[in-house]
Amino acid sequence: MTYTKRLDGRKRFDELRPIEAKAGVIRRADGSAYFRIGRTIAYAAVYGPREMHPKYLQNPKGGVLRCNYNMMPFSGAGERVRPGGSRRSKEISMITEKALSSVVDLSDFPNAAVDVFIDLPQCDAGSRCAGICAASIALADAGIAMKDLIPAIAVGRVDDKIVADMDYQEEAYEDGPVADVPIAIVPSTGEITLLQMDGEIPKDMLMEAIQLGIKKCMEIYEIQKKALKDKYKALAEVVEP
Amino acid sequence: MASALKVQEREVVVPGEILAEGMEYLPSYGTYRLGDAIRAAQLGLVRVDGKVIKLIPLAGRYVPKRDDVVIGKVVNILMSGWMLDINCAYSAVLSVKEATSRFIEKGADLTRILALGDYAVTRIVNVTTQKLVDVSMRAPGLWKLAGGRDFSVNTHKVPRIIGKQGSMVKMIKDATGCKITVGQNGLVWIDGDPEMENIAVEAIRLIEDQSHIQGLTERVHAFLKNKTKKDIVIPKMQ
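Chains A and B, in that order, are what the protein sequence lines are.
Per the numbering used here, the very first residue in the first sequence carries number 1; after that it's consecutive.
Per the numbering used here, the very first residue in the second sequence carries number 1; after that it's consecutive.
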């Protein structure tokens, strides 16, 4: 059987799963966000800028962004999901930090830290991208100075098709080669802040996939902007329905 | 290319959003220029003042500034002073000299003046580049707080809670009969009749939630009138 149509019933190969984004969902955090893409759900909570501990990690030249990615123990099936951190979660925490730190400006906060906690109650592939999308909304919601929001999406290939936003079924496709390419961009400059690849893909397909990823990131960017604005619109509607 | 404003006055904008195009406008606080466009550098309300575009932040923690009046909590006692938590990323130091005009003997028990967990209204006298903060209590209106309750609000809403020349907070004080002190750092202290304290807290929460929407004073006035069943006048300030 060859791969001729999306396994979850989507019409096009470049179609994203349904996306839902909300800002300000966690009351006690300084900023927070909810981001759902298909069956992958991410919550992000931002605390700070606050005093940094342990003290030896402090940077007197500016604040430090710390991210923590965590899949909840009940979030999926298989080997990946065990309570607590793992080599994988440590890697994703790091790449999230790097993807976001190019836009976040903490030079006004020497020796302080901004903590971002990303938790995923349900996963169906694309979780690091969902986490980055949620985290960037949450950072903006926390009033952190940043040049832009960061949208992220996984693109790739399944058999001979270039696809956007694969779910787990497609990622685990067995009758042909699969490649998974998560990508994050700075929309205002077009810079790429995250680019990873897992699987096998020839150069021309990779280039095409990256172009598709950038296009899809711009779609997600609009959803992120709307999520932040909707929070304040909702408050206005309380007064003038 | 002709210069054009892409947003309206008092619109909520998000980081990265284009505020204006062309070289005619100037970027100010909370904005930056990238190529031809001026973009937002944080979440905020747009303010256009002639050719200058700036943002009024809607969220974010307090950043200590000289001459701000802040409410602090004693978290540690030092050799000759106190360490105060001022609800931000940095703690403040209050030295004995700045705390009282009385003579304090060397080695005296500082907890007799301010104990751990006490709250005080202080003024920031100095902030260094590394954000070491010094505060003072030696000015009228700065004192140790006793009784009452405190809670924190969004620090960017403090100017709206205080109002023009203190008109908003005066209206709440008059309506509820509570003593109220608002620190620039977003800590609010209230002391009065428990029922009235609750109404004052609700009124302040209302300001916090709705300050970006026009007609705030009237709404707070209506809220207080409805809750206290008293005839309240909106204070006129010159």
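It is worth saying that the hints were derived from the structure and are not from the lab.
Computed from a prediction, not measured in an experiment: that's the story for all the values here.
Ideal Cβ placement from N, Cα and C applies to all residues, glycine included.
Incorrect hints may have been included.
[As the list claims (entries may be wrong)] One-sided excerpt, in silico: chain A residues whose CB lies under 7 Å from chain B:
(1) 54
(2) 56
(3) 84
(4) 88
(5) 109
(6) 145
(7) 177
(8) 212
(9) 222
(10) 223
(11) 228
(12) 229
(13) 234
(14) 235
(15) 236
So, going through the hints one by one against the coordinates:
Hint on residue 54 of chain A is violated. Least Cβ distance to chain B is approximately 16 Å, over the 7 Å limit. Using the Cβ-Cβ criterion of 7 Å, the hint placing residue 56 of chain A at the interface with chain B is not satisfied: the shortest such distance is roughly 16 Å. Because the closest C-beta pair between residue 84 of chain A and chain B is about 29 Å apart, greater than 7 Å, the hint is violated. Restraint check, residue 88 of chain A versus chain B: the minimum CB separation of about 29 Å is more than 7 Å; hint violated.
The beta carbon of residue 109 of chain A is positioned within 7 Å of a beta carbon in chain B (closest approach about 6 Å), and the interface hint is therefore held. At its closest, the beta carbon of residue 145 of chain A sits 5 Å from a beta carbon of chain B; the interface hint therefore holds under the 7 Å criterion. Interface hint status for residue 177 of chain A: violated, as the beta-carbon distance to the closest one in chain B is roughly 36 Å, over 7 Å. Below 7 Å, beta-carbon pairs count as interface contacts, and residue 212 of chain A has none with chain B, the closest being about 22 Å; its hint is therefore violated.
Hint on residue 222 of chain A is violated. Least Cβ distance to chain B is approximately 11 Å, over the 7 Å limit. The criterion of a C-beta within 7 Å of any C-beta in chain B is not met by residue 223 of chain A, whose closest approach is roughly 12 Å, and the hint is violated. At about 5 Å, the closest approach between the beta carbon of residue 228 of chain A and any beta carbon in chain B falls short of 7 Å, and the interface hint on this residue holds. Annotation: residue 229 of chain A was flagged as interfacial toward chain B, and the flag holds, the nearest CB pair being 6 Å apart, inside 7 Å.
This hint is violated: residue 234 of chain A has a C-beta 10 Å from the nearest C-beta of chain B, more than the 7 Å allowed. Restraint check, residue 235 of chain A versus chain B: the minimum CB separation of about 6 Å is within 7 Å; hint holds. With a least beta-carbon distance of about 5 Å to chain B, the hint placing residue 236 of chain A at the interface is held under the 7 Å criterion.
Going through the hint list in order, the structure does not satisfy hints 1, 2, 3, 4, 7, 8, 9, 10, 13.
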